[in-house]
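Q: In the order they appear, the protein sequences are chains E and U.
For the first sequence, my numbering begins at 441 and goes up steadily by one.
For the second sequence, my numbering begins at 5 and goes up steadily by one.
No lab work stands behind these hints, which were simulated from the structure alone.
In this text the structure is predicted, and so the values were computed from the model without any measurement.
Even glycine gets a Cβ: it sits at the ideal position worked out from N, Cα and C.
One or more of the hints may lead you astray.
Quick list of simulated restraints, FRET-style, between CB atoms [as the list claims (entries may be wrong)]: (1) U/R99 - E/G802: 28 to 38 angstroms; (2) U/R99 - E/W491: 26 to 36 angstroms; (3) E/F863 - U/R99: 37 to 47 angstroms; (4) U/A91 - E/S895: 56 to 66 angstroms; (5) U/L37 - E/E855: 47 to 57 angstroms.
Selected chain E positions facing chain U (in silico; Cβ < 8 angstroms) [said to hold, decoys possible]: (6) F455; (7) E458; (8) I463; (9) Q466; (10) E469; (11) W471; (12) A483; (13) L487; (14) L490; (15) E725; (16) A728; (17) S1257; (18) W1259.
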Amino acid sequence: MWLFRQLLRLYPAGFRAEYGTAIEQQFREEWATQPRLFLLLQALSELLLLWPQLTWAEFTQDAKYCWRTWRKRTLVTLLAVLSLGMAIGVSTGVYSVIDSLLYRSLPFREPDRLVHFRSYFAPAFEGRASLLAWKTDHNFLSDVALFSATELNLTTQSSSLRVKTVETTANFFTLLGTPLHIGRAFLPDEELKGKTNVAVISHGLYQQAFGGDARVLGQKIILNQQPFTVVGIAAPSFDYPDNAAIWLPTAFDQDRIQKSGVNSTYTMARLKDGLSFAAATSAFEAVASRKKNYGFPAAGEAYKPRMLSLRDEITVEYRDAVWILFAGVAAVLLIACANLSHLLLSRFAERESEFRIRAWLGAGTSRIHQQILTECILLSLAAGLIGLAFAWLTIKIGTHYYPPQFAFQRYEILEGRVLLFTFAVSMICGLCFSLAPLLLRREGRSRWTPRLRLSLLAVQICLSALLTLNSLSLGRSLLDLYKVDLGYKTEQIHTATISTAATTRSDSTNLYCEQVMEAIQRLPGVEAVGAIDFLPLSAKSFMAGIYKVQTKTEPELAIHLAITPGFLSTVGAQLVAGRDFTAADRLKSNEVAIVNESFARLDGGIDKILGRKLKMSKTFGDQGPGPTVIGVIKDFRFAGPAEGSNATVIRPFAQKPQNFFTLTVRSKRGTPDLSGLIHSTLNSLDPKIPVYDVLTFTERLNRALARPNFFSLVLFFFGAFSLLLTLIHGYSLCAQMLEQRRREMGIRSALGATPSELRWLILRNLLPAVVTGLAAAFLLSTWAASFLVVFVSSISTPPTEWRATVVAILAATAAASIWLKTRSLLKLSPAETLRAD
Amino acid sequence: MPESKDLSPLAFHLLLSLLQGERHGYALKREILARTQNKLNPGPSLLYGNINRLLEQGLIEESEERPDPHLDDQRRRYYRITPDGIAAAQAEAQRMQTLVKLAGAYVAL
Chain E
441 MWLFRQLLRL
451 YPAGFRAEYG
461 TAIEQQFREE
471 WATQPRLFLL
481 LQALSELLLL
491 WPQLTWAEFT
501 QDAKYCWRTW
511 RKRTLVTLLA
521 VLSLGMAIGV
531 STGVYSVIDS
541 LLYRSLPFRE
551 PDRLVHFRSY
561 FAPAFEGRAS
571 LLAWKTDHNF
581 LSDVALFSAT
591 ELNLTTQSSS
601 LRVKTVETTA
611 NFFTLLGTPL
621 HIGRAFLPDE
631 ELKGKTNVAV
641 ISHGLYQQAF
651 GGDARVLGQK
661 IILNQQPFTV
671 VGIAAPSFDY
681 PDNAAIWLPT
691 AFDQDRIQKS
701 GVNSTYTMAR
711 LKDGLSFAAA
721 TSAFEAVASR
731 KKNYGFPAAG
741 EAYKPRMLSL
751 RDEITVEYRD
761 AVWILFAGVA
771 AVLLIACANL
781 SHLLLSRFAE
791 RESEFRIRAW
801 LGAGTSRIHQ
811 QILTECILLS
821 LAAGLIGLAF
831 AWLTIKIGTH
841 YYPPQFAFQR
851 YEILEGRVLL
861 FTFAVSMICG
871 LCFSLAPLLL
881 RREGRSRWTP
891 RLRLSLLAVQ
901 ICLSALLTLN
911 SLSLGRSLLD
921 LYKVDLGYKT
931 EQIHTATIST
941 AATTRSDSTN
951 LYCEQVMEAI
961 QRLPGVEAVG
971 AIDFLPLSAK
981 SFMAGIYKVQ
991 TKTEPELAIH
1001 LAITPGFLST
1011 VGAQLVAGRD
1021 FTAADRLKSN
1031 EVAIVNESFA
1041 RLDGGIDKIL
1051 GRKLKMSKTF
1061 GDQGPGPTVI
1071 GVIKDFRFAG
1081 PAEGSNATVI
1091 RPFAQKPQNF
1101 FTLTVRSKRG
1111 TPDLSGLIHS
1121 TLNSLDPKIP
1131 VYDVLTFTER
1141 LNRALARPNF
1151 FSLVLFFFGA
1161 FSLLLTLIHG
1171 YSLCAQMLEQ
1181 RRREMGIRSA
1191 LGATPSELRW
1201 LILRNLLPAV
1211 VTGLAAAFLL
1221 STWAASFLVV
1231 FVSSISTPPT
1241 EWRATVVAIL
1251 AATAAASIWL
1261 KTRSLLKLSP
1271 AETLRAD
Chain U
5 MPESKDLSPL
15 AFHLLLSLLQ
25 GERHGYALKR
35 EILARTQNKL
45 NPGPSLLYGN
55 INRLLEQGLI
65 EESEERPDPH
75 LDDQRRRYYR
85 ITPDGIAAAQ
95 AEAQRMQTLV
105 KLAGAYVAL
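Only chain U is shown next, with the shape it has when bound in the complex:
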């Protein structure tokens, strides 16, 4: 399993979104925008660059299932999180929590 430090903020957000279920690229982006109040706004290239990396690391995989053609565009590609991805997201959240605890000793939170 890759170490959590390998995860960029965008990759972490992608994993968080996929923890909710399968998503296609544009849906992932919309969710991230909503979650971060538009503070994290990746362009399509950066989004797919990160998706590509997560696929290579085995943290996500492409889903074979497609929604009903009447509901969505058939060309869209759907992704889902793998067990390794879940572990990586947990490790990253853990790391952040530890970091926040540590920072709390120095600054008022």
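Looking at chain E on its own, in the form it has when it is part of the complex:
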């Protein structure tokens, strides 16, 4: 019988309330006369048969009732659904970003067996035999591939494009295990010098440049003036690494193509079958500790050789950031739930008499609870549906400010896992905010209602104050970043990058650079012109040299830059000692250098370093005596305002010419935008020389700060939104309190209490919740701010007085809003109140 009773409990509440007793009674009668096992099995099969029909029938009945009830309070319902929808939508959007960046399966065969090496060993520079020997040493690997990414000029019959190109070993596609869309991957011999004239192109390029015409297979394309035959087209979502558009098997034949800039070669590999990543890591560490000069001995721990799983390598940059964003979203979601909880508590309290009538008419407690639960879940499912629209908006903004690194990481909403997440969050929210009304409807617990409401308010205030405080900290740090002294100016400066690689000017870049500067200098509105090889704020890579310095026994790594005379004055870099380069510092004159303060400090100080020859380290072979220092400039931040300044050695462009440079042009104040004029002048000088990234220096600074900017904006939105929700909560709680205590207020007023005393009474009830929430936020804000370091590395814990001011402002706002709401007490007429009662 016990088992049967449990089965009976599984029926929907309405059916149980109506027929439970009759069914049990009949079952008991049959229990005595019929085989018991048969009866139990029959009861089970009937439950399975009837449950869906009965549940659906009761659900539709509840849903219709819910629709009628909520329609009477359209505005309140709409506000509740919209605020929760917004919170669910933003969480779904952020989850979609997390899902696509961190969890979507990579378009490779058994991606968890792929590893990436971060080290500076040199098999790539010593050829194929060296790589094979390296692989033999690392016997836990089944295959190894090299790759380096660069940008090249692609010339087709109809156009010229600058495309991301990857130079790899021939086994690249087979190692990754990615099938091609059409055509074939590279053959093993095609990585040998003289046979490397084949290329695989991306599906995007195939569509964009060749109109999706499969006849491109077998056609020749020209990359930096070198011909290659297209043998394959990659799968549609494949653009690894670095959004590649073309792959060439030239890893051991890199000299074949003239290129601009520095291209690092990376190593990736596939682990042997059956070997775990942990076992492979210890095997790798054993090899690394056994070998001398494995890595970059001068550069310390940061450059220690490391083996990462390919997934970690792809996601390491933004994993923490998206999780913290998600925590912010979760806080907003909690606040929205607390708001709805409060709203529903009030709504169900108002409907208590209706529930009593229904109970008298025979509806059991569980039937009423089922109704409440259905209402809550329907409300949150509706919010979930609306949330999908907000989620779509969120991923649009996310794609704009935080674009995915690869095509296969495109943010999507209509994807199984993301939709499941939305559904689950909606259901959980529904259950969460139905919990309070359900629990408090139990006998004897209604006295907890005010306490629970005040606790909800305190939690809300704490969370929203934390979000606000953190968004303000982040915003403050961002503003500081804009104000930080970069060591150069970005205003009124235009920039354009020029590459002479594989052009008729590649051997005379310095001469071309001088011609360009002369032509630009003649333009109206131009005040100063200079050029540099790796422009601060924009260069993804740079050259470096290792120097022996006086203050350290270990050699020191320094950034190498090359500039033309006039560059320092164009960008406003300040010379603190010595002189700038002049036209006399040419290729065959004495080798000279300017260093920055950081380098000068390492090598004896500003006064002593002038006139001294720099000593290059012999780690990578004897490099001969270094250049003579002729000047010292103020420190500058090469990688951007969030990064510090590194020791830097600057050489004259004439003495260290590259086959590319970035032009910097300072315009006179009030001059209109010169970008178009600069572009046309450069094109008229030599139309075959590619010019790209014609941007103002300020635009480059904004690009460097785009992500911190985005995060500040998002957190500020979270803070403002949650604060708004909290104020609405506080305001409505106050309104409700006034309504409930109207009679008491009337009596107090009749007994001589002044309106101010009555207002103070209400304020005194609500203030503890406000104060507790804000105090908790004040204490937790330091801890919470420590997580924000992933957005802006220079962020500091907000000072106490600053936090206290923000908390005081929030407290004053809350008190003012409560005080404002209680102004109706001023008009309170005791006689009318008591008569109405």
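Got chain E; can you put chain U on it based on the hints?
A: Only chain U this time, still in chain E's reference frame:
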């Protein structure tokens, strides 16, 4: 009035039993068992599930009258057939008759 095709065999039997007069749930079951020589043996849940459905469709209704407490359990609930229920039972019987006639042209009855 609902179409006769909505009636399950059990619902049809319930209507047939109620055509004889008011009955409570367990009595309905006993009558069905007797009429079908135990071939149709609904458990209590299925029985009341069908009663619930017939009530919702308006084919039966709950009777207010109760027998003498000495003769029967006061907690038992009695049901009676409505005019719609009678019409539905007739329509179902008609449908079956037509079906049997139709089948007679193909198989020996």
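Q: To test your reading of the hints: which numbers does this structure violate?
A: Violated hints (numbers, rising): 11, 15, 16, 17, 18; every other hint is consistent with the structure.
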